[in-house]
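Colleague: Sequence:
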Amino acid sequence: MSKILSLLIGGIVAVVGGILLISWWYEFIFILKAVVPVLLVLGGAVAVAAGVSEFKDASKYLRK
539 MSKILSLLIG GIVAVVGGIL LISWWYEFIF ILKAVVPVLL VLGGAVAVAA GVSEFKDASK
599 YLRK
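The numbering of the sequence shown is the working numbering, which starts it at 539 and goes up by one.
Heads up, some of the hints might be wrong.
What the hints assert, rightly or not - Computed Cβ-Cβ distance ranges for the label pairs, DEER-style: (1) Ala596 x Ile550: 46 to 54 Å; (2) Ile557 x Ala596: 30 to 38 Å; (3) Val573 x Ala552: 31 to 39 Å; (4) Val553 x Pro575: 25 to 33 Å; (5) Ser591 x Val554: 39 to 47 Å; (6) Ala596 x Ile567: 38 to 46 Å; (7) Val553 x Leu600: 51 to 59 Å; (8) Ala585 x Ser540: 24 to 32 Å; (9) Ala588 x Tyr564: 33 to 41 Å; (10) Arg601 x Ile550: 58 to 66 Å; (11) Asp595 x Ser544: 40 to 48 Å; (12) Gly549 x Ser597: 36 to 44 Å; (13) Ser544 x Lys594: 28 to 36 Å; (14) Lys594 x Ala552: 39 to 47 Å.
No lab work stands behind these hints, which were simulated from the structure alone. From the three backbone atoms N, C-alpha and C, an ideal C-beta is built for every residue, glycine too.
Could you put together the complete structure from these sequences and hints?
Modeller: Put into structure tokens, the structure is as follows:
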């Protein structure tokens with residue numbers, strides 16, 4: 539019974555979310571324009587940090 543209920547609630551939430559996305563499209567795009575550059579900067583910083591960490595690990599391995 540709980541699986542059917544969760545499926546029903548999930549479907550209702552998806553439909554309501556789709557309706558709200560259509561009715562609030564311009565606000566959604568406005569927020570998306572603000573969030574995407576921030577996420578790109580943060581993702582780039584994480585990639586650089588991972589590269590530096592991997593470079594340090596490789597240099598430790600080569601020294602031994």
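Colleague: Now tell me if each hint is right for this structure.
Modeller: A quick look at each hint next to the structure:
no.	hint	verdict
1	Ala596 x Ile550: 46 to 54 Å	holds, 52 Å
2	Ile557 x Ala596: 30 to 38 Å	violated, 52 Å
3	Val573 x Ala552: 31 to 39 Å	violated, 22 Å
4	Val553 x Pro575: 25 to 33 Å	holds, 31 Å
5	Ser591 x Val554: 39 to 47 Å	holds, 43 Å
6	Ala596 x Ile567: 38 to 46 Å	holds, 43 Å
7	Val553 x Leu600: 51 to 59 Å	holds, 57 Å
8	Ala585 x Ser540: 24 to 32 Å	violated, 41 Å
9	Ala588 x Tyr564: 33 to 41 Å	holds, 36 Å
10	Arg601 x Ile550: 58 to 66 Å	holds, 60 Å
11	Asp595 x Ser544: 40 to 48 Å	holds, 43 Å
12	Gly549 x Ser597: 36 to 44 Å	violated, 53 Å
13	Ser544 x Lys594: 28 to 36 Å	violated, 46 Å
14	Lys594 x Ala552: 39 to 47 Å	holds, 45 Å
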